[in-house]
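These protein sequence lines are chains A and B, in that order. Letter 334 of the first sequence, counting from 1, is numbered 456 in our numbering, and no numbers are missing. Letter 86 of the second sequence, counting from 1, is numbered 67 in our numbering, and no numbers are missing.
Think of the hints as simulated: they come from the structure by calculation, not from any bench. There's no promise every hint is true.
[As the list claims (entries may be wrong)] Listing some non-contacts, in silico: residues in chain B with all C-beta distances to chain A over 12 Å:
#1 E(-16)
#2 A0
#3 S52
#4 D93
#5 H102
#6 M268
#7 R270
[As the list claims (entries may be wrong)] Here are the in silico distance ranges between beta carbons for each label pair:
#8 B:R110 <-> A:I136: 49 to 57 Å
#9 A:T312 <-> B:P64: 51 to 59 Å
#10 A:W261 <-> B:A0: 28 to 36 Å
#11 A:L319 <-> B:N125: 54 to 62 Å
#12 A:P386 <-> B:A120: 31 to 39 Å
[Said to hold, decoys possible] Take a look, some chain B residues computed to stay more than 12 Å from chain A by CB distance:
#13 P(-15)
#14 D54
#15 V77
#16 T219
#17 D276
Just so you know, even glycine gets a beta-carbon here, dropped at the ideal spot from N, CA and C.
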Amino acid sequence: MSITYIGARVGMFILVVWLATTVIFFLPRIASDRNPVRERMIMMAATGNLSTGMEKVVAAYERDYGLDQPLYLQYIRYLSSVLRGDLNVSLIRHPTTVMDLIQERMPWTLGLVGFSILVAFALGSLSGATLAWPGAPTWLKGVLPIFLTLSPIPYFMLAFFLIFIFAVRHEWQPEWWPMLPIAGASKVGTIYDGWDLARVWDVVRHSILPASSIILSQVGFWALGMRGMMITTAGEDYVTLAQMRGLRPDRIFGQYGMRNALLPQLTSLALAMSLIVSGVILVEYIFRYPGMGSLLFDAIAGFDYFVIYGVVLVLIIFVATATLVLDLVYPLIDPRVRRAA
Amino acid sequence: MAEPVLTIRDLRVYFNIRAGTVRAVDGVDLDIAEGEKLGLVGESGSGKTTTALAIMRMIKPPGEIAGGTISLDGRDLVELSEPEMRSVRGNDIAMVPQAAMNALNPVRRVRDQMLDGLRDHGVNESRNRMQDRLTTLMAQVGLNANVLDLFPHELSGGMKQRVTIAMAICHNPRLILADEPTSALDVVVQRQVMETLEDVRSEIGAAVILVGHDMGLMAQFADRIGVMYAGKLVELATVEQIFANPRHPYTRLLISSLPDTDGKKRLQGIPGLPPSLLAVPPGCPFMPRCPEAMDICGVQVPELIGDIDIVSCHLHTEARVA
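Same shape as in the complex, but just chain B:
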């Protein structure tokens, strides 16, 4: 495996509210290799978006990064001052946001909003050179240069999302975080936008963390998939491995909940709800919903095992012991 761009160790993001401490992300380890496409899946509240926000250091009070390290090329982002972090945002790590419908400033033209990014990261070139840059960026994401002169309300949803992708790639970041970038778009535009994202990604060689819950989309896009549950990473493996041989019962259920193209199988959900992150029960957080739960699952948190394909489940600790 290539040298990791981003190394996350024991990341903990806690929200201190009156009712107690919500452990939104609770001890996540993750490596992202140069140019790698990592999918992060899980239900709402599983901590996938919070993990992405933590990488950006955009956790707002009452939330905080309660522990762990996030190293980008050996630099721990958790330790950076706010001004230092500002120069990382957009420059080294870029974000493609979830709700592009509202992600652009309604009173500024696309051109000015793009220029804001360049100027605030110290790009100070002649008008013509800046202009060329913007035109190139627009072409990269498949937009006509005259979009630059429009206001956000004059763009379609797909166009807006393309503009946010253009903003994300304008400083050639090492890592792009894409938080459900297509959730507000219809399926045809979804595909186009994902293809655009993949094109520009391979062009600049950035790594991508794609956050979402659409397993189908993940299967098409990602190299590896991390499955999150109740603030923890429960399985991390290559796409082939995850779909061919899912090892965690939760992953299995996630995959079997995908609609079948034959249309014969009844659509299956996962019964039950994830645990409250205020008071996570002892043992494996998935135990109450797990069809294969054993006695030990209620007592002991399963450890993460494996090097490349990682899983946290007692089914496999026992298998190893036996």
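This is chain A alone, in the form it adopts within the complex:
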């Protein structure tokens, strides 16, 4: 892998992040002239928390954050602060910084979403590969159609469905079945210091339903893609020759079959990352999961655009990184790309 190749990929990464940041900066501002600060003040006034001098406060805010300046100046100011690693302050939860909010929410999203996507990918790819291979177990053949039926259902619909079955109709489950929480990431009002077993179990319990809704709707997608790739691979001459050489069946399945069939799957995974991330926002919102998704949702609802910018920037970097990592890793997993690289 040459320096030029790496340089080109990293350059592309920077370009993508910058373009997306620019689009996301102007889009909400052009589309709407809502003023989140004023809205917040009006709300406070309505509840009697603020009586006089509202206009003064709004003006002070706007001056402090340059909101009274032309949009292009605000854009330059924003870009330069981002480059310094400063994502500004939430307009609604003043004076909490956007960076603090993201740092607080990020681990939850990474934990829930990262885990669910990987589990769905692994389960789907493995079962899809097994199904394409001769001698697939019958039960698996019966299970796949169920997942295929679930896969076109959006995550959030599946989430409602799970809530109905496991929470609303708790009496359908056997006695010993634990009540699964439908909101939050841990038990409300419990303060843990450090991570003990009780806390881990609490977090796991809370993640079961949201994680299931992501996994259930994803497995079929990956299984279908992998099955198709694996059927093609199973018919390749190198698999036939491996069989004629009397290699062990598990080696042929893994190193000759899956190893090759997985390559396009990994590309799909990196490309699907953005769709997955956006779909997951709603899941977090439904389950009131304290991750990036609910943060973004609340920010959009309150037109807290510094938070919108911050969250979207992180998501963009996340998706662009997935693509960059794939680009850099691909020559290592597919030697045929190495020459071109």
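Here the structure of chain A is known, so what remains is to put chain B in place on it, guided by the hints.
Coordinates of chain B only, in the frame set by chain A:
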């Protein structure tokens, strides 16, 4: 004739498809002696490759070995369990595949793919000994040892085919099946690869079944030639016999379809197509295309006659009667 390594009796390979049963191989008898080079020729669909795959027990559904025996040193391969058969493949019978272009795993180095074969057949030696083995194998097929560290896409077609030959000989098999091993190569490389195959074959003393339709190649390589037509063996004789005195009209036509070096003769094909193997007409399957067909040919399947030179044609049954 020496004791046969492989004895095939009444081998039948049928493909059960919706339209009916395709009799791809229909009652083939064949003996291959120790160290013998047997050529198996015929048109596409004549059953030559299917016969080779059946010996490997690599017939995939909807195909099946519907009957007959394939004995390797007295052991009937048709009766073996799949795990037992796996240890035969590569070990006792090795395959040199047809399309070497794609026969190697694109994401694994040649070394690892060679080692896969050794390890999965229970060879467990020190790194250095394995390394020596591989280097020797590479030298045997005329390749430099540094080819081991390359990926398949970095090799030429001829090099890939040599690697598959090295894989085939690494367990000193009793029998090598070579299914048109040179069909994807240009003529110069073809010759080199065939010479390599012959060299390693004589070195380890294995018998070879060479499947193909290139009569010229067969004439140079084989001791005996079997001619297949519509799933049946129609003639089996030594190379000299086949070319000097072909007895089956089909064999005759095959040989006369070879290009002439004088270049004066017009290239001749065999008119017509082989019969559908779904519904083979009664009598001799070659009758519709046979220039010497007689009344009896449409009624009765000719029997195989002869001990060493075998032919299945009414021309010769009558000759015997008369």
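Comparing the hints with the structure gives:
1. E(-16): 25 Å, holds
2. A0: Check passes; 22 Å lies beyond 12 Å.
3. S52: 19 Å, holds
4. D93: The claim is violated: B:D93 sits with its nearest Cβ about 8 Å from chain A, within 12 Å.
5. H102: About 6 Å separates B:H102 from the closest Cβ of chain A, which leaves it inside 12 Å; violated.
6. M268: The assertion about B:M268 holds, with a minimum of 36 Å to chain A.
7. R270: For B:R270, whose nearest Cβ neighbour in chain A is about 33 Å away, the distance exceeds 12 Å, so it holds.
8. B:R110 <-> A:I136: 49 to 57 Å: 52 Å, holds
9. A:T312 <-> B:P64: 51 to 59 Å: 56 Å, holds
10. A:W261 <-> B:A0: 28 to 36 Å: The hinted range 28 to 36 Å holds for A:W261 and B:A0, with Cβ atoms some 32 Å apart.
11. A:L319 <-> B:N125: 54 to 62 Å: Given range 54 to 62 Å: holds, Cβ gap about 60 Å.
12. A:P386 <-> B:A120: 31 to 39 Å: 38 Å, holds
13. P(-15): 22 Å, holds
14. D54: Fine: 17 Å to the nearest Cβ keeps B:D54 off the interface.
15. V77: It is violated; B:V77 is separated from chain A by about 9 Å at its closest Cβ, not greater than 12 Å.
16. T219: Consistent with the label, B:T219 stays out of reach of chain A, its closest Cβ about 29 Å off (over 12 Å).
17. D276: 45 Å, holds
Checked against the numbered hints given earlier, this structure breaks hints 4, 5 and 15; the rest are met.
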